[in-house]
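Asks: Below are the chains, spelled out letter by letter.
2 protein chains.
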Amino acid sequence: MRTWDLAITLDGRADVPVFVQIARAVAEDIRRGRLKPGDRLPGSRTLAERLGVHRNTVLAAYDELHAEGWLTTHRASGTYVSDTLPDPSPRRFATTVRSRETMPARVGFDLPPLVETGASGAYPRGTLVMTGGVPDLRTVPVAELARAYRRVLRRHAREVLSYGDPRGIVRLRRALAEMVSSVRGLCATEESVVVTRGSQMALDAVARVLITPGDVVAVESFGYRPAWNALKHAGAELVPIPVDADGLRLDALRQLCTQRRVRAVYVTPHHQYPTTVVLSAGRRMELLTLAREKRIAIIEDDYDHEFHYDGRPVLPLASADVAGVVIYVGTLSKILAPGLRMGFVAAPTPLVERLAAVRTFIDRQGDQATESAVAELLEEGEVQRHARRVRRAYQSRRDALATALHRELGGVVEFQLPPGGMALWTRVNPDVDTDAWAERALGQGVAFFSGRRYAFDGRARPYVRLGFAALTENEIAEAVRRMRAALPTRAKSRSAA
Amino acid sequence: MRTWDLAITLDGRADVPVFVQIARAVAEDIRRGRLKPGDRLPGSRTLAERLGVHRNTVLAAYDELHAEGWLTTHRASGTYVSDTLPDPSPRRFATTVRSRETMPARVGFDLPPLVETGASGAYPRGTLVMTGGVPDLRTVPVAELARAYRRVLRRHAREVLSYGDPRGIVRLRRALAEMVSSVRGLCATEESVVVTRGSQMALDAVARVLITPGDVVAVESFGYRPAWNALKHAGAELVPIPVDADGLRLDALRQLCTQRRVRAVYVTPHHQYPTTVVLSAGRRMELLTLAREKRIAIIEDDYDHEFHYDGRPVLPLASADVAGVVIYVGTLSKILAPGLRMGFVAAPTPLVERLAAVRTFIDRQGDQATESAVAELLEEGEVQRHARRVRRAYQSRRDALATALHRELGGVVEFQLPPGGMALWTRVNPDVDTDAWAERALGQGVAFFSGRRYAFDGRARPYVRLGFAALTENEIAEAVRRMRAALPTRAKSRSAA
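Those protein sequences? They're chains A and B, same order as listed.
Counting in our numbering, the final residue of the first sequence is number 497, and the numbers go up one at a time with none missing.
Counting in our numbering, the final residue of the second sequence is number 1497, and the numbers go up one at a time with none missing.
Bound-form chain A, shown alone (with noise of 0.2 Å):
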């Protein structure tokens, strides 16, 4: 028998185990020949006295090369060289397989480029946000989050732990049922309900099911970029419709199905982001007449429904819609958190079969977890009371940005306070470079944004958005003095002339 030395040198403060060190050394090894098919190996007891470890973590590294087929074992004599090891040219994996120190940096497959998704990191500590779309955290009913998954665990900890319905858990489907029933004039039920992760994927898996590439969807502009992107992302082809005092302009959507076959509209009717107008009742029911007359989805956002101030809210298109052409996209986003990711779509069940079998393929199912705490938390009405109370914090919070802006930023923005919703849409004297002012604003401690985020081209307005919901009103007073001192030099001597 051939006598065979292992060359490695153990290294036990590596990142890689030491069985899993002498498994590859040994494998190098017969890769490399030193060791041919039929080889008898050392005994486990000997080679762990040669390389002075534990012998289990020889026997480790032998199972290890045993199940990677390099070895095989006769019983009672011994462990051996795999005879059928295919090694036409040991030299031709020497690299492939050798032990490696960190990822590789590269791929080794051609990759698209890198989409631009508009999504903004973390500020620094102690900004003050007011890039809108998140609530005030800090009064989320947290202690009852916690105990509704305790309780949810408890009970139901096999149902929520194991696959299930991909439309979400049932009582969540029929919470939100009576929620949009009740206050939002749907008359859903839990079998036209369909829970998604926050808007987002209601959007991207609406996308998925309606859309063939090369499909014309009207779009808002100004407008809210994700959905842009979930609908692109799909194969869609967007056109940007302008809107107005009055919301989504219906004679440029008019025109546009003159010329195109429009397959879809995305709309956020009551506070259209990211201005906060509402959609006028003559355009509602225009949008809805012309929708049946051609066949057109009204894929309706209805992100922030119950953040309305001044009245009540206005009810959805979907409320009014005998004709089965909206898709009502729902989140409980702004009423609860964002974190939750919980969303839903209420539509005629042929939509939502679709959009169930499509949930599959994303991924699979919904947190059963969460939704049954926020079920829990429906059923209980945590959730609608905790929306009325932060209702009342925001419309203040709103007044008081309105008065800060008027205070501090008098000559330089103008806006009309909107009925609803968590941001203020301020027009900017066209000679403050708004891009800048936010740029410098940053430094100030404050984050908004410009015009440009909602532009569909992408291009410089003179608009700032500026969301109130997320701060105190003491917050927002200091927060406008950041931003009256961040302003660019040439407007500031106009504002304080």
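No lab work stands behind these hints, which were simulated from the structure alone.
Yeah, the Cβ is synthetic: ideal placement off N, Cα and C, and Gly gets one too.
Possibly wrong hints are sitting among the right ones.
Just the calculated beta-carbon pair ranges, DEER-fashion [to be verified]: (1) Asp457(A) / His1156(B): 55 to 65 Å; (2) Pro112(A) / Val1170(B): 22 to 32 Å; (3) Thr1403(B) / Gly381(A): 49 to 59 Å; (4) Arg151(A) / Glu1191(B): 32 to 42 Å; (5) Val1170(B) / Pro430(A): 34 to 44 Å; (6) Asp310(A) / Glu1049(B): 20 to 30 Å; (7) Asp1310(B) / Glu237(A): 49 to 59 Å; (8) Gln1255(B) / Arg254(A): 48 to 58 Å; (9) Asp83(A) / Arg1427(B): 21 to 31 Å; (10) Thr84(A) / Gln1255(B): 19 to 29 Å.
A partial selection of chain A residues facing chain B, derived with a Cβ cut-off under 7 Å [said to hold, decoys possible]: (11) Pro104; (12) Thr139; (13) Arg155; (14) Ala157; (15) Arg158; (16) Gln200; (17) Leu351; (18) Arg364.
With chain A held as given, fit chain B onto it using these hints.
Replies: Relative to chain A, chain B alone:
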């Protein structure tokens, strides 16, 4: 001033709130021309008395109508029908905007046909489920999980409830990187890991990054249909490659590469799904080399790494990948619970960045409460302890199933004892109609799938797959007795002979 009588029968028990009923009746009267622009409406007190409702109800109805643009209010002088109401042809909207009793049953736009997902529904209570894939959820450390949720919500509520990193929370990425580095040889860091919702979202996101419609992707057959669905939905043309006792047939893949440009290959090298065979060492090297030469992405689905019973788990292809061709997909569905939807991708950072971008389109980010809770369980070693405990149990269950099959169905099924995994892949005597058997078995209270489900062409094959992980040894014995009782008659007599 005209006298106007509201024509409405209020229904206190209807699903639609009374204020909505009033608002709709008024809007209907405007549409019909019974109320005209400029008409004054009765005061809220008057109308409340007339209708026998609380004054606040009428005020809510007026608020709604005002918000929708039907009414205007001249301070101190009263409420009027809006002058700016577009009203070209009242009757035209009469049916469009009328109050709805139910959701429309049909959609008013074109829908693609419903896709068959292969998702199985719930089984009757008492069914012994051997369809595989589900671990034994009775053993999951539920109390620890509930505690972890509570701690996370107490200490990190604002972070987990807010918008965050689309790659997943850093704690979980770090814990997963450590897991795959310490026991799977990958040398990953948090920068090379993206958390996904189960392996399904990993596959879907990878497909959406990689695939341009028409790209050829090689898949195993027998194989895993949910992966095929995700790839196909992204536009891939799938080409099945046969598997044998050593796993994927590399000669067939090489042959395909001479004919077509292959973009990616989807493989389950550890325990091939569904046959549970281990991809041999030689084929592993050959696959890595071929991928490097041809710039093919290898999507390696290592869904049940820990459940290897005879010797150590085989290290993944990704552990030997220096060329950056392997996209490693892992999941906690098997070692923890599928309902948590915790999967991940480990790959070179250029791919990680693109997955993060696609993730923002899909659902923006994961469930951060669940991600944090699972990170705690990993940091505390709870997942690892749980995996060790269940691995021992599953090994005994595998052996119990083998024994029961030999005893009860010796003449009907034959199989190799698999070195790992959660199921036995058994060849069935060709006299037995496996589809009929599976169907009759459901009636006897045992569920399993026949070969057809795993075959690329969806045609019958003389195999059944029997999952053993979710059943105790007693339940396994009972399940096999039920299987025998359910044998189609012709085969039963032969087995008894």
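Asks: Each of the hints needs a verdict: does it hold here or not?
Replies: We went through each hint and held it up to the structure:
Separated by about 40 Å at the C-beta atoms, Asp457(A) and His1156(B) break the suggested range of 55 to 65 Å. Distance hint check for Pro112(A) and Val1170(B): the Cβ-Cβ separation is about 26 Å, which falls inside the suggested range of 22 to 32 Å. Under the hint 49 to 59 Å, the C-beta atoms of Thr1403(B) and Gly381(A), about 55 Å apart, fit the expected range. Arg151(A) and Glu1191(B) have their C-beta atoms about 38 Å apart, which keeps the hinted 32 to 42 Å range intact.
For the pair Val1170(B) and Pro430(A), the supplied restraint of 34 to 44 Å holds, since their beta-carbon distance comes to about 42 Å. A hinted range of 20 to 30 Å for the beta carbons of Asp310(A) and Glu1049(B) is consistent with their spacing of about 26 Å. Taking 49 to 59 Å as the suggested C-beta distance range, the pair Asp1310(B) and Glu237(A) conforms, at roughly 55 Å. Evaluation of the 48 to 58 Å hint for Gln1255(B) and Arg254(A) yields a pass: the beta carbon distance comes to about 56 Å.
Evaluation of the 21 to 31 Å hint for Asp83(A) and Arg1427(B) yields a pass: the beta carbon distance comes to about 27 Å. Checked against the hint of 19 to 29 Å, the pair Thr84(A) and Gln1255(B) passes, with Cβ atoms roughly 22 Å apart. Taking 7 Å as the C-beta cut-off, the interface hint given for Pro104(A) holds, the closest approach to chain B being about 3 Å. Of the supplied interface hints, the one on Thr139(A) is violated, with its beta-carbon coming no nearer than about 11 Å to a beta-carbon of chain B, more than 7 Å.
With a least beta-carbon distance of about 10 Å to chain B, the hint placing Arg155(A) at the interface is violated under the 7 Å criterion. Hint on Ala157(A) holds. Least Cβ distance to chain B is approximately 4 Å, under the 7 Å limit. With a cut of 7 Å, the hint placing Arg158(A) at the interface with chain B holds, because the nearest CB-to-CB distance is about 5 Å. The restraint placing Gln200(A) at the interface with chain B holds, with a minimum CB-CB distance near 5 Å, inside the 7 Å limit.
A least Cβ separation of about 6 Å between Leu351(A) and chain B falls short of the 7 Å threshold, and the interface hint therefore holds. Because the closest C-beta pair between Arg364(A) and chain B is about 5 Å apart, less than 7 Å, the hint holds.
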